[in-house]
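Novice: Protein chains in written order, with UniProt numbering: chain X, 1 to 337; chain H, 1 to 337; chain Y, 1 to 337; chain P, 1 to 337.
It is worth saying that the hints were derived from the structure and are not from the lab.
From a predicted model like this one, the values you see are computed outputs, not experimental measurements.
Just so it is clear, CB atoms sit at the ideal spot from N, CA and C, and this is done for glycine as well.
Incorrect hints may have been included.
[Claimed, not checked] Output of the computed footprint for chain X on chain H, the stretches with three or more beta carbons under 8 Å from beta carbons of chain X:
#1 52-65
#2 78-84
#3 91-100
#4 119-132
#5 157-165
#6 194-200
[What the hints assert, rightly or not] Simulated pairs of lysine-lysine, BS3-like, Cα-Cα distance not exceeding 25 Å:
#7 P:196 - Y:196
#8 Y:161 - H:196
#9 X:161 - P:196
#10 H:161 - X:196
Protein chains: 4
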Amino acid sequence: MAKTDHAEHLAMPQDDRRRTSVVDTPAFAEHGPLVDHKVPQAEVVQQEPDLAWSRIRHYLREPFSEFFGVFILILFGDGVVAQVVLSNGEKGDYQSISWGWGLGVMLGVYSSGISGAHLNPAVTLANCIFRKFPWRKFPGYMLAQVLGAMAASAIVYANYKSAIDLFEGGPGIRTVGLETSTAGIFCTYPAPFMTKTGQFFSEFIASTLLMFLIYALKDDGNIGAGPLTPLCLFFVIFGIGACFGWETGYAINLARDFGPRLVSYMIGYGHEVWSAGGYYFWVPMVSPFCGCVFGGWLYDTFLFTGESPINTPYMGLQRLVQPKRSVWSNTYGDNKV
Amino acid sequence: MAKTDHAEHLAMPQDDRRRTSVVDTPAFAEHGPLVDHKVPQAEVVQQEPDLAWSRIRHYLREPFSEFFGVFILILFGDGVVAQVVLSNGEKGDYQSISWGWGLGVMLGVYSSGISGAHLNPAVTLANCIFRKFPWRKFPGYMLAQVLGAMAASAIVYANYKSAIDLFEGGPGIRTVGLETSTAGIFCTYPAPFMTKTGQFFSEFIASTLLMFLIYALKDDGNIGAGPLTPLCLFFVIFGIGACFGWETGYAINLARDFGPRLVSYMIGYGHEVWSAGGYYFWVPMVSPFCGCVFGGWLYDTFLFTGESPINTPYMGLQRLVQPKRSVWSNTYGDNKV
Amino acid sequence: MAKTDHAEHLAMPQDDRRRTSVVDTPAFAEHGPLVDHKVPQAEVVQQEPDLAWSRIRHYLREPFSEFFGVFILILFGDGVVAQVVLSNGEKGDYQSISWGWGLGVMLGVYSSGISGAHLNPAVTLANCIFRKFPWRKFPGYMLAQVLGAMAASAIVYANYKSAIDLFEGGPGIRTVGLETSTAGIFCTYPAPFMTKTGQFFSEFIASTLLMFLIYALKDDGNIGAGPLTPLCLFFVIFGIGACFGWETGYAINLARDFGPRLVSYMIGYGHEVWSAGGYYFWVPMVSPFCGCVFGGWLYDTFLFTGESPINTPYMGLQRLVQPKRSVWSNTYGDNKV
Amino acid sequence: MAKTDHAEHLAMPQDDRRRTSVVDTPAFAEHGPLVDHKVPQAEVVQQEPDLAWSRIRHYLREPFSEFFGVFILILFGDGVVAQVVLSNGEKGDYQSISWGWGLGVMLGVYSSGISGAHLNPAVTLANCIFRKFPWRKFPGYMLAQVLGAMAASAIVYANYKSAIDLFEGGPGIRTVGLETSTAGIFCTYPAPFMTKTGQFFSEFIASTLLMFLIYALKDDGNIGAGPLTPLCLFFVIFGIGACFGWETGYAINLARDFGPRLVSYMIGYGHEVWSAGGYYFWVPMVSPFCGCVFGGWLYDTFLFTGESPINTPYMGLQRLVQPKRSVWSNTYGDNKV
């Protein structure tokens with residue numbers, strides 16, 4: 001009908017203008033809407049002068065985005081621990097650390113909307129399973145996240161080098177686990193009384209909470225945080241740090257923990273970065289994946305009414321048995337399972 | 001008129017899109033609008049494949065929602081107390097506790113929009129009295145809230161078991177009211193100088209404040225917090241904790257106090273969980289109901305101009321004398337008294 | 001033109017729906033828009049059953065609103081000082097006090113949108129001068145504000161009576177200015193090293209800042225905080241407390257200081273509540289009026305482009321020379337000077 | 001086409017109304033949109049009575065706006081340091097200082113939307129380079145920013161004069177770098193262990209972070225903070241203070257550091273305000289410019305897809321080789337390079 005066409009014609013640009021000008025945060029949705037959002041971005045690039053760098057960047061825009069998101073996160077996160085530890089608590093306390101990590105995530109999310117602001121391989125994994133995020137992107141995201149964390153922790157080290165020398169007792173002294181050790185600036189080490197099970201369980205709960213709450217905040221069928229999502233993530237991370245942050249240091253993120261740990265090993269903190277806490281290093285690499293998947297499953301099973309494998313016959317497992325191109329790619333074909 | 005039809009046709013989908021995509025929080029309203037909001041949800045479920053679990057979940061969606069809301073609340077709330085107490089204040093202080101409970105409520109609200117995010121039997125009661133929330137739902141809500149609190153406190157216990165053993169002085173030692181006691185992690189115990197009247201009064205004031213402010217934040221005839229409501233509730237809870245939290249620990253919630261108290265009794269903290277503070281345990285069970293009803297009455301009497309028994313002849317008491325189906329149910333019949 | 005009519009027809013209900021449903025805070029504007037906002041409220045009351053109480057309340061709705069706004073403010077504000085002082089800093093510190101007053105103002109504003117949320121006679125005065133708030137309302141507002149503060153401080157006293165007895169050293173002992181004194185819970189006393197000029201100046205700066213920032217936050221020609229205004233006021237009050245709160249305790253409000261001071265005198269704190277600090281009590285009664293008027297003048301002179309006496313020939317002083325009814329009333333007549 | 005005209009006709013006033021009434025913050029954009037935004041402001045002034053002051057103010061509105069923005073910033077920022085230092089940490093701690101500077105920036109931004117809320121000459125420079133802010137405005141902005149900082153620090157000094165006398169040990173004693181020195185209230189001095197390279201690097205990182213995050217928050221192609229931008233800047237400044245604030249005091253702003261330093265020299269703190277820290281004073285004058293330009297370059301190169309020299313052939317350098325009027329002015333001519 002002509003009237004309908006007219007209505008659509010009227011409605012479209014208005015909707016478009018509202019979306020970009022007011023408070024919509026389309027980029028934070030990892031599923032359908034994100035894909036739609038990227039199409040106009042691609043068009044923008046085509047309208048730009050045909051520069052070599054623009055083309056390269058367009059191809060790498062998602063890894064760049066994840067890189068800088070994690071970069072910002074670790075810059076604030078490792079930075080605040082460095083300041084608190086090295087100043088002997090004069091320029092901050094445990095509260096500051098909760099602030100630093102919380103706002104690191106918040107501002108990292110604001111920096112990486114182009115890629116959906118995962119900032120965490122475990123979140124990417126859960127999105128692959130529950131939100132149809134293309135599996136083929138998983139390795140690239142994870143690599144970018146780890147590299148971003150490594151770059152940021154190296155910069156934190158460079159910035160606080162003199163203070164670390166002073167704190168450790170001399171240039172080049174780098175130790176783990178002593179009173180004057182500074183390895184804890186970069187990655188997490190568990191409290192001494194923890195068993196291996198307790199370590200795993202603590203990281204598991206924190207990761208479950210993280211993923212459950214991310215899905216709650218982004219669910220329009222629930223209240224939904226909308227444009228307040230990054231601010232709410234500040235509270236989520238602050239809360240996890242204040243409530244479950246003591247025993248294992250709430251890594252809840254392979255990139256956040258493994259990347260800086262590798263850097264601290266390269267800097268010269270020695271083999272203890274791996275062996276400390278009874279070879280604790282693998283716990284924050286494995287447990288967040290389990291926790292985030294469980295948290296996503298919990299939310300989708302009990303509260304989510306949108307499109308999810310949980311709300312699909314046979315839990316959508318035939319998606320794995322009969323993989324279509326759409327499982328791997330969001331570029332061609334239909335996005336329905 | 002054709003023009004009017006045209007206008008409606010144009011207006012409707014636009015309105016619809018705005019409602020879901022921007023910042024509306026329909027689910028947080030416990031009265032009329034919530035009902036409207038649920039109808040489309042039911043339709044969504046019908047469009048989904050006809051799975052057994054989807055049908056069960058649809059029937060239980062409100063108890064599930066309250067369960068997880070309180071679950072998140074207690075996970076953060078009891079978790080932060082555990083971390084502060086067990087680390088001897090090294091990993092947090094009283095400020096952290098205010099943060100933890102505040103953000104626990106905020107994130108619990110975000111998780112339980114489907115059921116209206118009461119998280120507290122006393123809030124449910126006040127909504128039944130002042131906002132036409134169906135009375136028949138009261139028992140189910142209360143049960144779900146208590147069970148959510150029990151589940152969360154059990155998980156907090158499991159997570160901090162080693163640290164509790166260390167703090168109490170050995171595995172299996174669980175005490176109430178000593179220097180090394182950990183019962184205060186789970187539920188509230190009054191300050192020693194409080195009389196029974198003082199205990200009741202302190203909880204009463206805090207509950208009154210809570211309900212008064214919830215109704216203020218949700219009143220569109222006032223400023224109204226709209227999509228900022230969960231964030232504002234963070235400030236409400238933070239404030240109650242900072243200003244009226246010392247004397248009785250601001251339970252202001254039967255589910256938050258009785259559920260974890262029962263769990264701590266089951267764990268083995270002994271009969272003292274009931275007898276401590278002069279059998280204090282019943283105060284946070286009774287006083288919040290009185291306070292919340294009074295707070296709701298105060299707001300409706302002096303400031304609320306919307307639909308309320310206060311603004312109804314004979315204070316709407318004929319609703320109790322001549323109960324219609326609508327008093328008990330929001331599914332059939334008209335919703336007018 | 002028919003097309004224009006059509007457009008208006010289309011536009012009007014949409015605009016209306018957006019205004020009420022999304023994030024508009026009309027009630028927080030003390031000038032023109034507030035008046036428009038109240039007209040529909042009056043209509044709502046007429047549609048309600050014709051109850052005696054509804055009629056009384058409609059007449060007193062603005063004083064009630066200011067009463068409860070200040071009531072909430074002082075309940076949190078005096079409450080947090082009581083908790084911090086009486087628990088010897090165990091249940092809070094100076095940070096908590098900044099939080100308590102900040103969120104007290106924020107939640108008080110949310111409670112008193114019906115009257116424009118002044119919460120402070122000096123703000124009411126500045127609005128009379130710069131924003132055409134009707135002068136005839138000034139006495140009623142001020143009275144309601146003082147009464148609200150008195151009621152709240154009495155409740156704080158009742159709640160913390162046992163703890164005050166304990167802190168002062170015995171029941172009935174109430175002192176000012178000693179180590180164990182508790183008069184500072186209720187109203188402000190200056191630091192001992194302050195001269196009278198310094199006291200006045202400190203209150204003056206803080207009040208100037210307050211009014212300047214209120215006008216900045218509410219100026220649509222500037223960025224404008226819109227629905228975030230109450231939250232921003234939290235930051236304003238927090239900031240004044242953290243930056244200019246030490247020397248005189250940042251009363252910046254006759255109602256906040258004089259009301260509770262009177263209550264503390266009635267309770268039995270003795271003549272010292274007036275004589276302490278060299279009869280300091282009049283400074284927070286006078287200085288905020290000077291500061292707020294100066295702050296409003298500063299903003300309007302240098303930044304405000306809207307309707308203000310500053311932007312009017314002869315600074316609008318003929319308004320005082322030739323008073324029209326509109327100067328005193330917002331009910332009848334035109335609102336133009 | 002007539003239909004398109006109709007659509008535009010319909011769309012325009014709606015869009016206009018939404019822009020002003022809801023949550024748009026056009027004034028915070030330093031490029032194109034800001035210019036559009038000012039045109040109606042100019043029209044408003046013309047509709048006002050033709051007052052001499054209105055004309056003068058209209059001409060100086062941008063310097064006034066920057067002046068008051070920095071004025072608010074330094075009032076809170078220097079004020080909080082004064083309160084914490086002079087009260088020996090009784091009325092605040094390092095956390096308070098992070099709060100004070102963070103909310104100083106936030107409220108300063110709200111006060112200075114008319115000029116784009118730069119508050120920092122380095123931000124102005126980056127906007128000139130990357131966002132086509134007219135170069136001719138740079139000197140005026142910088143002057144206004146420095147004068148605003150000077151005025152505010154003089155007021156902080158006046159307010160805390162008695163307390164400074166007490167702290168330094170007598171009236172007129174003003175020292176730098178001792179235990180009882182108060183020069184650190186006004187401007188930053190580096191930690192003693194820092195090398196000159198370390199000082200520069202620390203300021204450089206902090207400034208890079210600042211500019212990178214400002215551009216991220218304001219990029220609609222990213223998530224974009226929209227009306228939450230001032231609140232997010234609170235978190236940015238809080239984070240820089242908590243994570244990179246120890247070593248050099250995070251000046252990251254020539255106006256914030258040089259202005260108050262000059263005032264403290266004029267007050268009588270002596271030549272040490274320049275010579276302290278190995279003539280440190282030039283570092284926070286130079287390093288923020290380098291850091292902010294690098295931060296802007298980083299964001300535009302890797303993440304920004306909008307109009308930027310980075311996305312222009314030859315990086316837009318022909319703009320410098322063949323300067324058009326538009327490079328210097330936003331009043332006449334086209335704004336395209």
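Novice: Take the hints in turn and mark each one as holding or not.
Specialist: Structure-based check of all given hints:
no. : hint          : result
1   : 52-65         : holds (count 6)
2   : 78-84         : holds (count 4)
3   : 91-100        : holds (count 7)
4   : 119-132       : violated (count 0)
5   : 157-165       : holds (count 6)
6   : 194-200       : violated (count 0)
7   : P:196 - Y:196 : 45 Å, violated
8   : Y:161 - H:196 : 13 Å, holds
9   : X:161 - P:196 : 13 Å, holds
10  : H:161 - X:196 : 13 Å, holds
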